[in-house]
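Chemist: Those sequence lines, one after another, are chains E and P. In terms of the working numbering, the first sequence opens at residue 1480 and continues consecutively. In terms of the working numbering, the second sequence opens at residue -12 and continues consecutively.
Worth double-checking, as some hints may not be accurate.
What the hints assert, rightly or not - Some chain P residues near chain E, calculated using beta-carbon distances under 7 Å:
| no. | residue |
| --- | --- |
| 1 | 10 |
| 2 | 100 |
| 3 | 105 |
| 4 | 185 |
| 5 | 187 |
| 6 | 189 |
| 7 | 193 |
It should be emphasised that the hints constitute simulated quantities derived from the structure, not laboratory data. Built from N, CA and C at the ideal position, the CB exists for glycine as well.
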Amino acid sequence: VIPRAAWVCALVAFSNAACWSFITPPFEVPDEPDHFAYAQQLAETGRLPTSNGKRFSQVELTALRDLNQAEVRQRPQNLSVFSSAQQQRLSRDLAAPLGRTNGGNAGVAASEPPLFYTLQTIPYRLAAGASLLVRLELMRLLSSLMAGLTALFTFLFVRESLPSERWAWTVGGLGVAFAPLLGFMSGSVNPDAMLYAVSAALLYCLARAFRRGLTLRSTCLIGAVIAVGLLTKLNFIGLLPGAGLGLILLARRAARAHRPTAYGWLACGVAIGAAPAALYAIVNVLSHHPALGIVSDTSNVVGHHRSVAGEISYIWQLYLPRLPGMAHDFPGYLTAREIWFDGYVGLYGWFDTVFPAWVYHLALVPAAPIALGCLRALVENRAPLLKRRGELLVYAAISLGLMVLVGADSYLQFPTVPAEYGQTRYLLPLLPLLGAVLALAARGAGRRWGPVAGVSIVVLLFAHDLFSQLQTIARYYG
Amino acid sequence: LASAAHLEVPHIPTSGCRPTRRVGIALVGGLTLVAIAVGLTLTRSPTTVIATNGIAGEAELASTSSDAAACQAGETVPAGTTAIRLALVAEIGPRVAVTVTAGGTVFARGTHSRGWTGASVTVPVERVSRTTPGAKVCFALGQPLEAVAIFGRKTPVRVAATAGAQKLPGRMAIEYVRPGPTSWLSLAAMIARHMGRGHAWPGPWVVFVLLAAMTASVALLCRLILRELG
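Model the full structure from these sequences, guided by the hints.
Modeler: Encoded structure:
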């Protein structure tokens, strides 16, 4: 039974993302024009995109032009549509019968799998006859629902992984529900929103299986979640090594507990998880297309690059300080702080909406006690933790897999672009782990003060979200 | 933390008294602090552009992948300037230090830390007390991770910006910024109108929806915290 508190966390996350969807001007979220084009192509023609070109439909190009998207994007001195004359022009132009097909162009989104976009065709079609902006807003609201699912599964993950203190589940769930980056991304048309929800579901299913034991049902469920993840966004591949390790460990444990059929369940789960990708490849091969479709073009880039050692060094430095003997890939930069931490604290819009510099320094002040509280809780519970080392290894492998994927993709553009995918949003599939960290941090304050610490953490994150929204309002409308 | 073999239904902690009072105080205190911070923020003024050098950032003048410096003479820096916006383009921008001189005397300087992104960087400087024509605006870039481009307009060489002894092919776009005369609070109505534009279902109603959603979120937050943590 899902506790009522979990539903409340989901409702708060949905409400928060919905607020972001109204605050952020249309197409002022990274790659939103491309993702919208993909969904539009699917809705209007029933076919997948075939090109990563940017020649979008006439109606989308008109909206981008009238919204001054090119002038506003990455130019924080330029506000969004400001005058009533601009608004009238926008309304008039979008009311005209403009072309809605884009010749298969979907920009950077073209290589992504179709599930998220297929779902987005529902609100797109529901608003048949309405303007593009109405369709876009309804699509954003569907993404906002996915933020609710992310918070829901985070709550359930914390419940399964830290079951002994009920109140701490709420700290983890609400902490993620108010994460401004989750709200910002899920308040837009971007498959990241669904990726976060599916990743949270995967972590929950694994935690549940580790706690309650593997069954045929739970194995099939994990396989189904993996299948959905693979159909959602390619980045989900980064979670596969950890998920695979988890299934193997769980099956081995179940087999030891006199259930020899556990390895059969494992095969069943793997088959379900791999089915969509296999089916996609078979259909492509039978229709004389590259096995991985348009992704094949991207995969060709791999291998054109430098040494494996150079790549490992680069990926290491993308997250951690350089070790002796490594090349200086980020000279003078502390990437963990300046790319990932600061990116989480505040980087919205097309990376053009930021807080004043002092805010990023100030953010270290609450981050330190949260880290210390978490550390204290871990040290105090090291004995039970040791018994759960297999489970912890799985979470570490999931995190590492995602980080390596982001690093390896970034390395393809290096050194022309130093950190192409050095954006904190790419690590948000790990949000349930953040929820667990927040819950542990509160518990680290002890039984007497733990709930008070939990309240402080939640209120702090609420404030973070509120000021992030105000900063975005100031940037686009001030 | 529970062991891996912990299969029973999660339980409510049984130790100690329910700290409802402490939780309530923390909640009310925290939300009060947030309200005070928001109030203080709204009494501040947004920055506004008080002057530009009339150059549009329409053409790339130069780019550099190493630490570099450039100067541009003939600038008029208006009184009240508290920040200078330079048309520099980068994905992960380096540290930028700005120095403004007139007659060989430095009258404003400031720095912007590295890590900025976009088509401009706004560097806070000491407040300029009086309008200064004929000033020279110089900037120095720290070691960048990638090429940083300077944007502006192509001009005759004699008025162009310089990088050391080398003349750039034009002048860089520069804007002079300071806090506006009115507070965010007094601009609320204008911002509400503005937020109603460029969206689905135009109109300032969107602000009331946002306020209602935020109020509902706070109410849910309070109720849930008092029920689960109290």
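Chemist: With reference to the structure, classify each hint as holding or not holding.
Modeler: Tested hints:
A cut of 7 Å between beta carbons decides the hint on residue 10(P): the least distance to chain E is about 5 Å, and the hint holds. Interface restraint check for residue 100(P): the shortest CB-CB distance to chain E comes to about 5 Å, inside 7 Å, so the restraint holds. Annotation: residue 105(P) was flagged as interfacial toward chain E, and the flag holds, the nearest CB pair being 4 Å apart, inside 7 Å. A hinted interface residue such as residue 185(P) counts as satisfied when its beta carbon comes closer than 7 Å to some beta carbon of chain E; here the least separation is about 3 Å, so the hint holds.
Checking residue 187(P) against chain E by beta carbon gives a least distance of about 4 Å; that is within 7 Å, so the hint holds. A least Cβ separation of about 6 Å between residue 189(P) and chain E falls short of the 7 Å threshold, and the interface hint therefore holds. The restraint placing residue 193(P) at the interface with chain E holds, with a minimum CB-CB distance near 5 Å, inside the 7 Å limit.
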